[in-house]
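J.: Chains A and B, in that order, give the protein sequences. Going by this note's numbering, the first residue of the first sequence is number 145, and it counts up by one from there. Going by this note's numbering, the first residue of the second sequence is number 388, and it counts up by one from there.
Quick caveat, the hints were computed from the structure, so don't treat them as lab data. Idealized CB from N, CA, C, for every residue including glycine. Hints may be right or wrong, so weigh each one.
Taking lysine-lysine pairs in the DSS-like style, the calculated list, with each CA pair at most 27 Å apart, reads [to be verified]:
no.: 1; chain 1: B; residue 1: Lys-431; chain 2: A; residue 2: Lys-393
no.: 2; chain 1: B; residue 1: Lys-467; chain 2: B; residue 2: Lys-437
no.: 3; chain 1: A; residue 1: Lys-256; chain 2: B; residue 2: Lys-861
no.: 4; chain 1: A; residue 1: Lys-393; chain 2: B; residue 2: Lys-1118
no.: 5; chain 1: A; residue 1: Lys-256; chain 2: B; residue 2: Lys-1158
no.: 6; chain 1: B; residue 1: Lys-431; chain 2: B; residue 2: Lys-587
no.: 7; chain 1: B; residue 1: Lys-572; chain 2: B; residue 2: Lys-588
no.: 8; chain 1: B; residue 1: Lys-1162; chain 2: B; residue 2: Lys-1146
no.: 9; chain 1: A; residue 1: Lys-430; chain 2: B; residue 2: Lys-828
no.: 10; chain 1: B; residue 1: Lys-742; chain 2: B; residue 2: Lys-828
no.: 11; chain 1: B; residue 1: Lys-607; chain 2: B; residue 2: Lys-554
no.: 12; chain 1: B; residue 1: Lys-1147; chain 2: A; residue 2: Lys-294
no.: 13; chain 1: A; residue 1: Lys-294; chain 2: B; residue 2: Lys-1146
no.: 14; chain 1: A; residue 1: Lys-393; chain 2: B; residue 2: Lys-572
no.: 15; chain 1: A; residue 1: Lys-393; chain 2: B; residue 2: Lys-1147
no.: 16; chain 1: B; residue 1: Lys-742; chain 2: A; residue 2: Lys-430
no.: 17; chain 1: B; residue 1: Lys-1146; chain 2: B; residue 2: Lys-1132
no.: 18; chain 1: B; residue 1: Lys-1088; chain 2: A; residue 2: Lys-393
no.: 19; chain 1: B; residue 1: Lys-467; chain 2: A; residue 2: Lys-393
Pair ranges (Cβ atoms, derived) [to be verified]:
no.: 20; chain 1: A; residue 1: Pro-374; chain 2: B; residue 2: Thr-930; range: 43 to 53 Å
no.: 21; chain 1: B; residue 1: Asp-917; chain 2: A; residue 2: Lys-430; range: 34 to 44 Å
no.: 22; chain 1: A; residue 1: Leu-385; chain 2: B; residue 2: Thr-1022; range: 22 to 32 Å
no.: 23; chain 1: A; residue 1: Pro-429; chain 2: B; residue 2: Gly-532; range: 36 to 46 Å
no.: 24; chain 1: B; residue 1: Asp-917; chain 2: A; residue 2: Asp-376; range: 41 to 51 Å
no.: 25; chain 1: A; residue 1: Ala-414; chain 2: B; residue 2: Pro-898; range: 24 to 34 Å
no.: 26; chain 1: B; residue 1: Asp-980; chain 2: A; residue 2: Pro-374; range: 46 to 56 Å
no.: 27; chain 1: B; residue 1: Gly-1081; chain 2: A; residue 2: Thr-199; range: 26 to 36 Å
no.: 28; chain 1: B; residue 1: Pro-754; chain 2: A; residue 2: Pro-429; range: 22 to 32 Å
no.: 29; chain 1: A; residue 1: Leu-385; chain 2: B; residue 2: Gly-1081; range: 20 to 30 Å
no.: 30; chain 1: B; residue 1: Ala-815; chain 2: A; residue 2: Ala-414; range: 28 to 38 Å
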Amino acid sequence: MKRALLVLLLLAVPARADTITVGLFAPSAPFPSTAARVELATRLGEHIGRALGMTGAGRVYARAGDFGGALKKSEVTVALVDAAFLAGTGGYTVVATTPPQEWQLVARGASKIGDLRGKRVLVPANGGQETDFVLNVLLGGEVPRSFFAKIEAAPDTAAALSALALGKADAAVVPAGAELPAGTSVVIALPAIAGPALVVYGSMSPQQRALLGAALPGFKGDATIAGLRPSDGGEGVRAILRRFSVAPKRGPFAVPGARLVVGDLVEGRAFAIERTPPAELVVVPK
Amino acid sequence: MSRLAILISLLLASLPARAQRVTQGEDESAALVDEGRRELKRGKLDDAAKALDQAIALNPRRVDAYVLRAAVYAARKQYKQGVELMRRAQAMAPTDDEVLVALGTQLVLAGDADVGVPLLEQVTAHDPRRYDAQLLLGGHYHDTGNWPAAVTALEAYFAARPAELAKEDARHRVDLADAYLRSGKPQQALGLFQRAAADKKTDLRARIGVAWATAAIDCKKARPLLRDLEPAAEAHPEVWLVDGQCALALGDPGGALALGRRYLDKAPHGSAAGHALVGEAYAARGNLAEAKKELAAARELEPARRRWTVRFAVVLRRAGDLDGALAALDKLGPPAQAALDPDWWAELGETLLAKGDAAGAASRLAPPAQELPEAVALHVVLGAAQLASKQPEAAVATLAGTEGTPRGRKLLVDALVTGAAEKLADNAAVDAEPLLVRAEKLDANAMVERDLGIARLAQNRAADAIVPLDRAAKADGSAITLMLAARARALAGDVLAARPLYERAVAAGAPIEKPEVAIDWAASELAGGDPNVAVTALEKTATAAGGAAAAGKLAARHKAALATARHAAGVAALRAGNGARAVELLRASAGADPQLATRCDLALAAVVAGEPAAALSALAAVGGQSCPFPAPADTQAAPILVAFVEAQTPKRAARSLDRLTALAAKATGAAAALLGTATRVVALEAGADAYKSGDAAAARKYLATAKAANARIGGDEVAANLALLDLIEGKTDSAIVQLERIGPKVPEALVTLGIAYDKKGEPQKALDAWKRARKAGARFGPLNDWIDAKERVYGSGGEGQ
């Protein structure tokens, strides 16, 4: 049945040799090297291209501005993008996700957050929202904005950790799983948030969406992004968005349960069921 | 010594050595009388006769001469002459005891006992110490089978006989023992037989007597004795007869049959008893046709022997020929004295009982039973008849003393239980209990124990009922008995111990019993246990109750009980604050039995469950009616609750508060209390609405209203909320003081307390307050996230700082 549907869909797609560019803007994804990042982008581009009957190409974007420019020029219609970046932008539809990603605060020579007061912290770039990302999304507003001396964007996770290793920063906030440089350690384990999501920008025909949806589960990635999961409808991204701002804490208004109101009305009530009188259960000799 | 010789010796012993009744003074005739006595003693009958005839010729009024002369006639077996002579003496001295005894003796010896015995009885009646007359009478009674009279006469003889006659005791002792044995006193017979056998080891009659008396007491002990008599059995085949009867008594009808046949072969003259034994052996083997034939033969051979007819009737009855049995007994007729044949009466009773005429049996057997208090078999049958004719009290009296027999014991127990049941039915449990205690001592069976437990339950002595009902349950394990045992425990205050018994009762019960058990269980749970268990018990048996359509009343009771149990469980859920469960139960209850009380409680449940639409609808349905709430809340609660429910709708609390304020003027008593509570809660709801809208001032105003309301509950919540507002207004320290105080009572206050500490920059205290709030059950959505964030950054011990 699935096979028949695929054939029909293929027939419906015009037989032309168009090219599709699949973007990769996921600075947080802890690829071990740029080469690995490019390799993943290429493999993903080809997979999607094959799925849509096009020539697929993968392209890595290192900066948010470059990625934004490509979008503006419609050079990219499908991309794998950091969820934190997506939380600050719009114009896309989530078509697949990657597993949630835990984060961590890593530092040299610090064992508790109090040791990092007034220190410089790096975080993979997410389009200019790095400070709110660290303080609100990951630390839940538990430290004041003035706590760290500076929160700065690094091109990606590997770059943040390299800078930490070189002493160019005191701490880094990076996804868990990345290999830590010597002399550094995890100060705080931070909560998990949504990982990079595959999104479609602009419009895409239903046929193409169907083809894409059918093909994505078959994508085999690498050690950093092993594969793609079905879309969560953007919920993971929205959850990050909600955490970007921390609402002031308001206590609950206490109201007694309604039962306390009616309790007096049923106190002292007694119920009885009539039993068969014992004398009626007497046994007599036969 | 022959009986005649004994008589003469008696006569000589009884007469004074001289003629005491000589009226003409000492004369020659006196000498002749002395000579006649002397010669008579020496056995010189001719000389004695000659001297005595001369004495009479010289003095025809010498009565002693007549008496001695009659003795000579008797010695010569010339009884007719003896009688004639003593008639002449009687004409002269009609009331003289010597004359009467001598005449009676002569008559008895002459075969005219009908005339002679009354003369002797006349003498013994006013002088029981006339041993000569007593001996004659004893012998006569023995020979004619009047055993009780023989016993009386011979006992009197032994009491009065002179020492010189002691040498004759052995012979008379055997007669008396024989009479004892045949009049149903085997123990006394055995003693005398043993004494006689010891006195004279060769006395075969005494040895046989010992064996027979032993047989009458204990056949098991008798059979070895009877076997010892085997050498004598050829000459005394009755040994086989008795052995056969013992074999029969010991459950060996085959042996009895063989011995009976052997007896018949050797004792053709006594074959009636042999036929009877064989007949009874056949009867024991169930061959009633042969039994009937043999007993008929015995009857034919000895038609006067009552025993054969009675046994014949037994066989006819057992064969189902009740009319035949009755006819045989009637033809024989009752014995002249009941003591002569108590078996006849017993069998008459058995036959009438078998015919279904228990009342007839009871009335006919009562007089002989009264006459024979020791006739156990007769009393057993009479007791059975009285019991069957619904006279248990009479049966109890009759059967007292029959406990030694299995049937008597069982009947007595049945009579006691039946009598107790009648008293229980008459609400006289206190009178029933002693009967059942007595029955329990005789036979602690399941029926007795159950009824004893019931008697105590009926007297509201549940704890005392536990032991007998436990015994009954152990013995029979029936559903109703188990149920009663459970009831006793529950009423004694131990519902937990009652439950396993109720479970067993439900499991053991027939479909018709399961609903009964479940109703009882539910009653126990409602009285002192868990109404939810009551509901479960009844629901589990609902199918069985529905199936008991034939027992429509039971099905209706089950339905009503389930409605009540659900109502009770609903109210319990209401008290526990489980409104949803309360609604479910009360809806089901009202569906089966839509009483106003149930509908009122259902309305309350809907209020508690937070089902405003259902609550308002239910409250509207009971509006204006008298609910089972404390007055005047019974009629005033509904409008108060309506306002209360309406306050649950978002942003409606303020309007509801106005309505409640308007009701304040009318509300009094419990209604005023309800109104006060509702006002406080609704004011708090209104305050919550204002707080959510960010209007702290309005919230504070509603809190003031809540605080002013006269209510027992909600005071701590008011204080917690005031502290919350203080915190919002920056009065952090004072808020903390209040919240620390209220926190243990209002979990939500601990949440606010944590916020206050957080504001003060004391994250560890904040974390601690929130954790306490969570542990106390505070319902506040973000609480877990706050705790997680704090712990993440600062660690659970605050080491992050």
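J.: Against this structure, judge whether each hint is valid.
T.: Here is what the structure says about each hint:
Under the criterion of a C-alpha separation no larger than 27 Å, the hint pairing Lys-431 of chain B with Lys-393 of chain A is inconsistent with the structure, at around 152 Å. Between Lys-467 of chain B and Lys-437 of chain B the alpha-carbon distance is near 18 Å, which keeps this suggested pair within the 27 Å criterion. With a C-alpha separation of about 72 Å, the suggested pairing of Lys-256 of chain A with Lys-861 of chain B is violated against the 27 Å cut-off. Proposed proximity of Lys-393 of chain A and Lys-1118 of chain B is supported: the alpha carbons are some 16 Å apart, at most 27 Å.
Under the criterion of a C-alpha separation no larger than 27 Å, the hint pairing Lys-256 of chain A with Lys-1158 of chain B is consistent with the structure, at around 22 Å. With a C-alpha separation of about 31 Å, the suggested pairing of Lys-431 of chain B with Lys-587 of chain B is violated against the 27 Å cut-off. For the suggested pair Lys-572 of chain B and Lys-588 of chain B, the alpha carbons sit about 23 Å apart, so the restraint of at most 27 Å is met. Note on Lys-1162 of chain B and Lys-1146 of chain B: the hinted pairing holds, with a Cα-Cα distance of about 22 Å set against a maximum of 27 Å.
In summary, the hint linking Lys-430 of chain A to Lys-828 of chain B is supported, as the alpha carbons are separated by about 20 Å, within the 27 Å threshold. Distance hint between Lys-742 of chain B and Lys-828 of chain B is unfulfilled; the C-alpha atoms sit about 33 Å from each other, more than 27 Å. About 35 Å separates the Cα atoms of Lys-607 of chain B and Lys-554 of chain B, which puts this hinted pair outside 27 Å; it is violated. For the suggested pair Lys-1147 of chain B and Lys-294 of chain A, the alpha carbons sit about 25 Å apart, so the restraint of at most 27 Å is met.
With a C-alpha separation of about 24 Å, the suggested pairing of Lys-294 of chain A with Lys-1146 of chain B holds against the 27 Å cut-off. With a C-alpha separation of about 109 Å, the suggested pairing of Lys-393 of chain A with Lys-572 of chain B is violated against the 27 Å cut-off. Distance hint between Lys-393 of chain A and Lys-1147 of chain B is fulfilled; the C-alpha atoms sit about 13 Å from each other, no more than 27 Å. Restraint check: the Cα-Cα separation between Lys-742 of chain B and Lys-430 of chain A comes to about 18 Å, which is no more than 27 Å; the hinted pair holds.
A hinted pair counts as satisfied when its Cα atoms are at most 27 Å apart, and Lys-1146 of chain B with Lys-1132 of chain B qualifies at roughly 23 Å. Restraint check for Lys-1088 of chain B and Lys-393 of chain A: satisfied, since their Cα atoms lie roughly 23 Å apart, inside the 27 Å limit. Restraint check for Lys-467 of chain B and Lys-393 of chain A: the C-alpha separation of about 146 Å exceeds 27 Å, so the hint is violated. Checked against the hint of 43 to 53 Å, the C-beta distance between Pro-374 of chain A and Thr-930 of chain B comes to roughly 48 Å, which is consistent with it.
Between Asp-917 of chain B and Lys-430 of chain A the C-beta distance comes to about 39 Å, which sits within the given range of 34 to 44 Å. Take Leu-385 of chain A and Thr-1022 of chain B: their Cβ atoms lie about 56 Å apart, and the range 22 to 32 Å is violated. Range check, Pro-429 of chain A to Gly-532 of chain B: about 39 Å between beta-carbon atoms, so the 36 to 46 Å window is met. The beta-carbon spacing between Asp-917 of chain B and Asp-376 of chain A, approximately 47 Å, falls within the hinted interval of 41 to 51 Å.
Between Ala-414 of chain A and Pro-898 of chain B the C-beta distance comes to about 31 Å, which sits within the given range of 24 to 34 Å. Judged by the Cβ atoms, the range 46 to 56 Å given for Asp-980 of chain B and Pro-374 of chain A holds: they are separated by roughly 54 Å. A hinted range of 26 to 36 Å for the beta carbons of Gly-1081 of chain B and Thr-199 of chain A is inconsistent with their spacing of about 58 Å. For Pro-754 of chain B and Pro-429 of chain A, the hinted distance range of 22 to 32 Å is satisfied, since their beta carbons lie about 27 Å from each other.
At roughly 23 Å, the beta-carbon separation of Leu-385 of chain A and Gly-1081 of chain B lies within the given 20 to 30 Å, and the hint holds. Range check, Ala-815 of chain B to Ala-414 of chain A: about 30 Å between beta-carbon atoms, so the 28 to 38 Å window is met.
Checked against the numbered hints given earlier, the structure breaks hints 1, 3, 6, 10, 11, 14, 19, 22, 27 and satisfies all the rest.
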